[in-house]
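Trainee: For chain V, the structure is supplied; the task is to place chain U on it using the hints.
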Amino acid sequence: MKKLLAVLMALAMVFSLAACGGGGDSAEGGGADANATKVGCIFIGSINDGGFSQCMNEGLEKAAKENGMELVKKENVSDSDKQASREAAINLIDQGCKVIVGCSFGFGEPMKELADSGDYDEVTFLHFSGNLQNETNMENFFGSMEEARYLSGMAAASASEKNVLGYVAAFPYTEVQIGINAFTLGAQSVNPDVEVKVVYINTWGDAEIEKAAAEQLIAAGCDVLTYHADSTATQLAAKDAGIYTTGWNYDNNVAGENYLTAPYWDMSAYFTPTFKAILDGNFKPTGTEPFSSYGSMASGLICLDELGSAVSEDAKTKIKETQEKMKAGEFKVFSGAIKYNNGKDLCKEGQTLTDKEVWSINGEVEGVTATSNEKK
Amino acid sequence: MVEFLAACVVAGTPLVLATVGELITEKTGNLNLGVEGMMLMGAVMGFYTGLHTASPLLAILSAALAGAGGALIYAFVTVTLKASQVVTGLTLTIFGTGFAQFVGEPLLGSMAPSEITAFFAKTTIPVLGQIPFIGPIFFQQDAFVYLSYMICILAAVYMYKTKMGMNLKALGENTGAADASGININLYKYAHILTGGALCGLGGAYLSLVRIPIWQEDVVNGRGWIAVALVIFVAWNPIKGFFGGVLFGGLSIIGLRFQAMGLGISQYLVDMIPYIATILIVIISTHKKRKESQPPGDLGNNYFREER
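Top line first, the protein sequences correspond to chains V and U.
Residue numbers for the first sequence follow this note's numbering, beginning at 15 and rising by one.
Residue numbers for the second sequence follow this note's numbering, beginning at 310 and rising by one.
No lab work stands behind these hints, which were simulated from the structure alone.
Some clues are possibly wrong.
Only pairs whose alpha carbons sit at most 35 angstroms apart, straight line, appear in this in silico DSBU-like list of lysine-lysine [to be verified]:
(1) U:K391 to U:K598
(2) V:K362 to V:K176
(3) V:K332 to V:K298
(4) V:K253 to U:K549
(5) U:K470 to U:K598
(6) V:K176 to U:K478
(7) V:K253 to U:K598
(8) V:K353 to V:K370
Bound-form chain V, shown alone (with noise of 0.2 angstroms):
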């Protein structure tokens, strides 16, 4: 008897775990029409979690709510389980969903299998990042981000009194180095005799370890701190310090009068028009590589948060200057003599980096310390 209640015991533990965790779906936004068009969202994180998913939804929202779709989300969904973010995929289908919205890299394999099928040629799959599109219905969009990133060095340059900057980094790829070389560059253009400190933590999520080597940072040295992770502990380390930080991914400051300004991402910019299109029949991948949609600052895709007090007026005006710069077009991060910290060249006297050569970036640029290097 007492065996059988034990058992029965942990089987309630396992059924209530079920009902607490998984993150159910939630059909909301946009049109309160029946017809409504459905768009299944798949994301990593829960959408309020005041970083990338919330920044994502919130693009999502506007966006439905403009072409008057629908949404349908998916929420906490393991971007390392293939076999889960395919399940995902097509009970989304299932449920009548015709635009499918991966938010992490990891779904963008099992949602090229479906795109690719021929089982789904009905439904149009939208991956961020990675490298996967066909020349129907899938399409992959990222974006310029090193805009930002440029914009937010040169503010934390100017408010630096050490030189010595600080980047809480992920992992040492591209994506992450193509950020670390943007604020460089920035904060070099402000003040040629910056150093920037980076440290890789080698996890996207981890608030704590993020926290700590934002500590380390700042007891080298470092005056003014960015990072490229998921949480906003970096920016908690800063304000602890009576420092300098900025944002990252989403425009939320969480370190008061110390936040300087944050790259962020408005992702309506790139789906209220392919919505559009979608809608309009319009839609075609356009075979781009690495990305079949490139947004940039010029899109609105890539934004810069307002600057704080802490960046000078004339570094406010410079930042305006470089800004506006950017959004017509006469202003590429990575054009002119660039060098790797390694001496080896990135970006050449006269050349400008394509997009597809902005993606093959592979190490940090000189004026950065970061112990990647030793491994070239």
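Mentor: Chain U only, in chain V's frame:
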């Protein structure tokens, strides 16, 4: 150097609390693998209470109660119903994770009120804090860290200097003999498993209330499992538990330190060190057969009085 060692104490505090909690649990002969789950339950309930009451003491209390609540499920299933300890512990981890996500969902992104952050700001202890070297490392910390010092000392005094502590040891070494000697087995097991859970809950709350006072999912991030390994590493001794926790905390951030200083030592290699150290300690202690570094004799065995 000093400020790095002080950072090690901070990084080690959640590990210290969870390790002492788990070793007290294991001293009863019960292996509770639900540390990660109990830490998360403590983290989320501590934060929830802190957010709504703005009272640091209520937040701490609530975190301890949440951890103890998780342990109560475990104790009921393993002590009273005598189900498998390993399976129950693992299930508790999964349950605790889900519980924290469920309760934490509406809290995501909210920030603990300033009363909480002010209470847990770093404070220097008079006199002790002025001692060169030792002072800045140990006595210029936050209230929660001081609480962890007291818990370690109290646990050591209790385990080694009191009759009840001796009874606890007897219980874990040979439950049948302890039962025969008149010790109230179930009361002892429940009391210590719940206390252990409460300490794990506090360990989680240190992360959510002090270190990262903005709620986010999975603040604990595997530290519960490190604590389970640490218990073996420190040979069920709460004082060693303190230094072991600080050591492992230090190892978790030393790679970041190397990078900030511009030293090219692989982070992956550094991340492996705690586990390699644990394996070595287990091998050495098994090989040397030193009595005090062996696990409690009846660890993991459920006690059936009728079957004796």
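Trainee: Hints first: check each against the structure and report whether it holds.
Mentor: Going down the list of hints, with the structure as the test:
1. U:K391 to U:K598: With a Cα-Cα distance of about 30 angstroms, the restraint between K391 (chain U) and K598 (chain U) holds, given a limit of 35 angstroms.
2. V:K362 to V:K176: Answer holds: K362 (chain V) to K176 (chain V) is near 30 angstroms, not above 35 angstroms.
3. V:K332 to V:K298: Distance of about 39 angstroms is beyond 35 angstroms: violated.
4. V:K253 to U:K549: 34 angstroms, holds
5. U:K470 to U:K598: It holds: about 24 angstroms lies between the C-alpha atoms, which stays within 35 angstroms.
6. V:K176 to U:K478: 57 angstroms, violated
7. V:K253 to U:K598: 50 angstroms, violated
8. V:K353 to V:K370: 18 angstroms, holds
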